[in-house]
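Asks: These are the residues of each chain, in order.
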Amino acid sequence: MRTFLAATALCVAGFAVSAAPTAPVALVDDAVITAKGMPKKLSDFGFFKDQAGWQPNNGVELYQLNSPLFTDYAEKYRYIYIPAGKKAVAGGDGVVQFPVGSALIKSFGYEIDGQDRLLETRVLLHRADGWIALPYVWNAEQTEATLKVAGKRIPVSFADPSGNKRDISYAVPNKNQCKECHSLSGAVVPIGPKMRNLPHDTLDMLFSNAMLEQTDRDHPPIPDFADAAMPLESRARAYLDINCAHCHNREGSASNSGLFLTYEEEAPVHIGVGKRPVAAGRGSGGFEFAIAPGEPDQSILMHRLKSLEPGVAMPEVGRSLVHEEGAALLTEWIAAMEKE
Amino acid sequence: MIRTLLAATALCCTMPALAKTIPVEAGADAQERLQEALILAEPGDVVELGVGTFELTDGLSLDVDKVTVRGAGMDKSILSFAGQLGAGEGLLVTSDDVVLRDFAVEDSKGDGIKSKGADRIVYHAIRVEWTGGPKASNGAYGIYPVEASDILVQDSIVRGASDAGIYVGQSKNIIVRRNTAIENVAGIEIENSFDAEVTENLVTENTGGILVFDLPNLPQMGGHNVLVARNAIINNNTDNFAPEGNIVASVPAGTGVMVMANRNVQVVENAMINNGTSNVMVVAYTQSFDDPNYDPTPRDVYIADNVYGRAGFAPDFDGGQQLAAAFGGALPAIIYDGLGKGLVVNDAVPVLDLGLTKVGQAPTEAKPSLRKQEGAGEAVALSPIVLPASMEAALK
Numbered sequence: 007m008r009t010f011l012a013a014t015a016l017c018v019a020g021f022a023v024s025a026a027p028t029a030p031v032a033l034v035d036d037a038v039i040t041a042k043g044m045p046k047k048l049s050d051f052g053f054f055k056d057q058a059g060w061q062p063n064n065g066v067e068l069y070q071l072n073s074p075l076f077t078d079y080a081e082k083y084r085y086i087y088i089p090a091g092k093k094a095v096a097g098g099d100g101v102v103q104f105p106v107g108s109a110l111i112k113s114f115g116y117e118i119d120g121q122d123r124l125l126e127t128r129v130l131l132h133r134a135d136g137w138i139a140l141p142y143v144w145n146a147e148q149t150e151a152t153l154k155v156a157g158k159r160i161p162v163s164f165a166d167p168s169g170n171k172r173d174i175s176y177a178v179p180n181k182n183q184c185k186e187c188h189s190l191s192g193a194v195v196p197i198g199p200k201m202r203n204l205p206h207d208t209l210d211m212l213f214s215n216a217m218l219e220q221t222d223r224d225h226p227p228i229p230d231f232a233d234a235a236m237p238l239e240s241r242a243r244a245y246l247d248i249n250c251a252h253c254h255n256r257e258g259s260a261s262n263s264g265l266f267l268t269y270e271e272e273a274p275v276h277i278g279v280g281k282r283p284v285a286a287g288r289g290s291g292g293f294e295f296a297i298a299p300g301e302p303d304q305s306i307l308m309h310r311l312k313s314l315e316p317g318v319a320m321p322e323v324g325r326s327l328v329h330e331e332g333a334a335l336l337t338e339w340i341a342a343m344e345k346e
Numbered sequence: 055m056i057r058t059l060l061a062a063t064a065l066c067c068t069m070p071a072l073a074k075t076i077p078v079e080a081g082a083d084a085q086e087r088l089q090e091a092l093i094l095a096e097p098g099d100v101v102e103l104g105v106g107t108f109e110l111t112d113g114l115s116l117d118v119d120k121v122t123v124r125g126a127g128m129d130k131s132i133l134s135f136a137g138q139l140g141a142g143e144g145l146l147v148t149s150d151d152v153v154l155r156d157f158a159v160e161d162s163k164g165d166g167i168k169s170k171g172a173d174r175i176v177y178h179a180i181r182v183e184w185t186g187g188p189k190a191s192n193g194a195y196g197i198y199p200v201e202a203s204d205i206l207v208q209d210s211i212v213r214g215a216s217d218a219g220i221y222v223g224q225s226k227n228i229i230v231r232r233n234t235a236i237e238n239v240a241g242i243e244i245e246n247s248f249d250a251e252v253t254e255n256l257v258t259e260n261t262g263g264i265l266v267f268d269l270p271n272l273p274q275m276g277g278h279n280v281l282v283a284r285n286a287i288i289n290n291n292t293d294n295f296a297p298e299g300n301i302v303a304s305v306p307a308g309t310g311v312m313v314m315a316n317r318n319v320q321v322v323e324n325a326m327i328n329n330g331t332s333n334v335m336v337v338a339y340t341q342s343f344d345d346p347n348y349d350p351t352p353r354d355v356y357i358a359d360n361v362y363g364r365a366g367f368a369p370d371f372d373g374g375q376q377l378a379a380a381f382g383g384a385l386p387a388i389i390y391d392g393l394g395k396g397l398v399v400n401d402a403v404p405v406l407d408l409g410l411t412k413v414g415q416a417p418t419e420a421k422p423s424l425r426k427q428e429g430a431g432e433a434v435a436l437s438p439i440v441l442p443a444s445m446e447a448a449l450k
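So the protein lines, in turn, are chains A and B.
The first sequence runs 7 to 346 under our numbering.
The second sequence runs 55 to 450 under our numbering.
A portion of the hints provided could be inaccurate.
Claimed, not checked - Listed below are the simulated EDC-like cross-link pairs for lysine to aspartate or glutamate, each with C-alpha atoms no more than 16 Å apart in a straight line:
#1 B:Lys450 - B:Glu96
#2 A:Lys158 - B:Asp209
#3 A:Lys112 - A:Glu150
#4 A:Lys345 - A:Glu315
#5 A:Lys112 - A:Glu81
#6 B:Lys120 - B:Glu109
#7 B:Lys130 - B:Glu79
#8 A:Lys158 - B:Glu86
#9 A:Lys112 - A:Asp78
#10 A:Lys92 - A:Asp56
#11 A:Lys154 - B:Glu79
#12 A:Lys312 - A:Asp78
#13 B:Lys226 - B:Glu201
#14 B:Lys74 - B:Glu109
#15 A:Lys92 - A:Glu150
#16 A:Lys46 - B:Asp401
#17 A:Lys154 - B:Glu259
#18 A:Lys154 - A:Asp50
#19 A:Lys82 - A:Glu67
#20 A:Lys158 - B:Glu419
#21 A:Lys55 - A:Asp35
#22 A:Lys42 - B:Glu102
#23 A:Lys154 - B:Glu90
#24 B:Lys426 - B:Asp401
Since the hints were derived computationally from the structure, they do not count as laboratory data.
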């Protein structure tokens, strides 16, 4: 009997959708998240109540990170969705394990001519066979975002936090580039939402909504790299962790480099101190070491962070501007190291 | 008849989607069209590049297993990255069982084609070129497989790489066969790798011809079992144009073959002609390092049955000219730093032994002498490299 009712309900739901295809989606469509294939439109998921993608739907929660990744000064809006009745679990390593059916949604935009405009929304979907990353690009009318698996370049003019006008060719990553950063041993994984990078407000929200449970509460947070009240060393390591370590770790896309920039890495040579380049080519800038202690101007790491040339610039994707504040922080950190 | 038809129909229904050919032509929006084809391809598919020059604006990447990317020929289907705005290489491959053949990659801003963790990859009749000739501003590696098992690079041409034309790093089971490497800093480099054969290549007008290296502080170390055989290694005297800091920036112009910090390497049946510093160098890694698991010395290197032309007439290292003068105007064909163990030379050419006793010792402490031949030595055996049959079949 119960099965019969459920089946009937399903039919009714199916009928409702097919009868009124333009009606706003009431809820996030769990089946679209978990089904095979790549939905053509962002609205297919029902993550947002409005066409413009600003009002998260029920169950889609805005969250923050302690230290964000630099993406050409774009404003980022992060959302987390966990299917009803399920929970994410944070283990002893502080990595959050999301249940199948979860989605992480991140919109990127700028204030342009006094108005907040979205350029793209990236989604990470947790399916039965793993995570999949898809990029959606917003139309000029800001009414719909469409899948662009091959990525896109968008000319943008905006003012950076210091008020300087910037004209850039903003790069929406292609599907493979999403994976290049979100890759651990060849599989797609989330980067940002680790316990140590989630601020109190976000954790409180996740716990009070019963979206997260924690098996081990001891995850010392990494600081906001911009927080000058925190120790220089931990700010610099936080910056490297969130901007570089998604590739520069032992299982990431840059594993062959031997440069490992995770917050936990302890061996100085793997953080770059006195480390010679391996496959840097002209990325070396003629310098001998990734980090020459006390000499930021002689350090390959600074050279690549401050370069805009493809083939030299790091990170390899997602940056067409120098992050002045980040470069200043790392310069200060390397300058403060004792010369060898 | 009917029964056969039915059976065939049933078969069709149960089989996965048939492999298909996805044609992509040069022209407007080449970046988006080609990248989309590479993303939407399914295992078994062939992405077929048309004739012409594809003007690309960003790096390309392939992450689907069992895909073949095939052009109409290395001079006909050209991926030009002269206008590239981003990415660290022209084409990046991160999936297994991929075949790349019959197309060219030109003027990429970083590396030409990189394959990372891409097992059983075949590069066949590929051309990677920096069309302005040797320049420090060229990308580092032309053909660049790294961290993989089963690699085949054949019948390809690489020119102008500011590091190595064909570079295989941190990999296992490798064949680099019948390629041409011209006007690169290193023609062909096998680094931190196990079980490799470098055979029948033409390696000319590079700074150094063929390098077999091992470096410290890397996930895979202890390079060993490398055969360098039946190559033509001729006239590698191009000034070193590698950016400083990179290990190849320390390779003297005029190097034929250089074996550094490797074990069980054979250099046999090559023609090594007109390399101004030395036809063969066998040396230790000399820079400082902090890695207890790293052995910087060369061990069990076997040199035999090679044909030697002129060498050592223009040594490109400090004190080289004086040293050459002491030997009557030219250095011996083979230079050995004296470190490590088990060097066997069965060729009737003089061997200069620098007489170093410690890794990292200053060259001024060298006690150069001609090495005494100790009769015919034995080679440590190398097993032939066997690749999966599917890889050799992809060459057809």
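Asks: What hints, given by number in increasing order, does this structure fail?
Replies: 1, 2, 4, 6, 10, 11, 14, 15, 16, 17, 20 and 22
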